[in-house]
Amino acid sequence: MPITRDEVAHLARLARIAVTDDELDVFSGQLDVILAAVARVAEVAADDIPPTTHAVPLTNVLRPDVITPSLPRDEVLAAAPAAEGGRFRVPRILEDEA
Amino acid sequence: MTEQTELTRLTAVATAERIAAGEVSATEVTQAHLDRIAATDDRVHAFLRIDGAGALAAAAAVDGARADKERLGPLAGVPLALKDVVVTKGLETTCGSKILSGWVPPYDATITRRMRAAGIVILGKTNMDEFAMGSSTENSAFGPTRNPWDLSRVPGGSSGGSSAAVAGYQAPLAIGTDTGGSIRQPAAVTGLVGAKPTYGGVSRYGLIAFSSSLDQAGPIARTVLDAALLHQVIAGHDPADSTSIDAPVPDVVAATKAGAAGDLGGRTVGVVRELGGEGYQPGVSAAFADAVSRLESAGAKVVEVSCPHFRYALPAYYLIAPSECSSNLARFDAVRYGLRVGDDGVNGLEEVMSLTRDAGFGPEVKRRIILGTYALSSGYYEAYYGQAQKVRTLIVRDFTAAFEVCDVLVSPTTPTVAFGIGERAADPMAMYAADLCTLPASLAGLPTLSVPCGLSEGLPVGFQVMAPALADDRIYQIAAAVEASYGHPLIDEAPPL
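If you're matching them up, the sequences are chains A and B in order.
Residue numbers for the first sequence follow our numbering, beginning at -17 and rising by one.
Residue numbers for the second sequence follow our numbering, beginning at 47 and rising by one.
There may be inaccurate statements among the hints.
Unchecked claim - Mimicking EDC-like on lysine to aspartate or glutamate, the simulated pairs with C-alpha atoms at most 16 Å apart in a straight line are:
no.	chain 1	residue 1	chain 2	residue 2
1	B	Lys135	A	Glu5
2	B	Lys115	B	Glu63
3	B	Lys135	A	Glu57
4	B	Lys144	B	Asp404
Since the hints were derived computationally from the structure, they do not count as laboratory data.
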């Protein structure tokens, strides 16, 4: 089933990437080719085969519940695009009330 | 050959020995490499940034420790090129992406910390495919790196800056990271040794994540012994990485020495039928077959094994890795670090996020995020991501069966020698095929390495060795035997830059 330009636009929106029209044209063609190639996984993956999520078996890893130092706040904020009052400053997150 | 040139030709082992013996200072060694970089990197572009002051300070510390008669580690004073996916406190780290341009990390990765503690001198950060997504280093936002063997060709990827730096004698050692082959494939096409340890063998703390169930850092060097010594420095349990293995590090240095001495201990070597034949350049197949016969002459028993599901590794990988990356790269949201675009007081958070990610990510990264978003979306998850995870099980089973009859598996590392810059840039599937041989061991989390096995058309060919999980020593033992059979490291045959 080919992937449509509209689907790619929808996926880009979900992934928060403001793709251009040109990018949409290129990506939808390329993704179609890639998807056709990778869909081959369905040829062999039968129902009775368990999935592997992680190659080397591990059980839950817990650490002692003790307080350890965090990174210095000012050093972390210094690397941020915008900071104010000891916090990350973010763009507007609420729509204006009508 | 001047004294300075000579210093850049030494192995890491010889460099450390000469420093420890007081024949040369770590400062002189570091300066020689900085000079070499200054003289050659306008043509190679292995480095994204050089940290001359930091490197000379680290070298001076080693010289001071020696003057104080402190015991030095086996790599103290040896310069190293560090892939820009590994974070370095106080030194800009971009991961080859515009979205992290100018980001100065507030902490060191565990491996950065371990290397500093061992007296290794970090010269700078090397170029890479953006977020380690690529097989040629052409996907870097900062321009491609060139292969020192032939400047019109790629140095492999994604650790192409690291492989080019070591092949170009700008550093005797480098760190690469390998998700689907990004250490082994660049090492193969530049005539070097590159190892991917067992998944969990080396801490991922401070590695900028691409595909977390696959990412693994490892050494790139001109000889097997140099790689083994660096492996030993960076490996070992780290509580800061919950997937780190809490077990002793296999003695890869002793295994290398045993292999180099011709001691193959009656090892059985399995040639994987599915990783050869059609689609492999004749020169690559011939060089590989020659190396297999050398192992046979050295006393190894050679058998052919079949791993029928390996041909599904490529489709499975190109579902799993994009899926994990689409989730991992959500952290680049224009809030906590890196680029922010369109924050004009009118645009809301989501618009700023979308504009930033469009401006900050290159085409391959966007393609993979969109592909991963698709593969994980409701209605498609089972058909794509779910099936890929099952294929992973089938590949693990193929390996398990093969290791019942042999100790290691071998194959060419890549189907072709280094390809030309620009040759595959417009065709993602052709680019992905460069990882054909390296993907199965990645999906199974196994230790694996590439060692040079001769030339084809004047360009290096890589010999891949794969071993069961936690048997990292075996890959070094076999690689050392292959290397020893040629009498000298293949990189000696590289034309001068």
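Now the hints, each set against the structure:
Simply put, Lys135(B) and Glu5(A) have alpha-carbon atoms about 36 Å apart, too far for the 16 Å limit, and the pair is violated. In summary, the hint linking Lys115(B) to Glu63(B) is supported, as the alpha carbons are separated by about 15 Å, within the 16 Å threshold. Restraint check for Lys135(B) and Glu57(A): the C-alpha separation of about 10 Å stays at or below 16 Å, so the hint holds. The straight-line distance between the Cα atoms of Lys144(B) and Asp404(B) is roughly 11 Å, inside the 16 Å bound, and the hint therefore holds.
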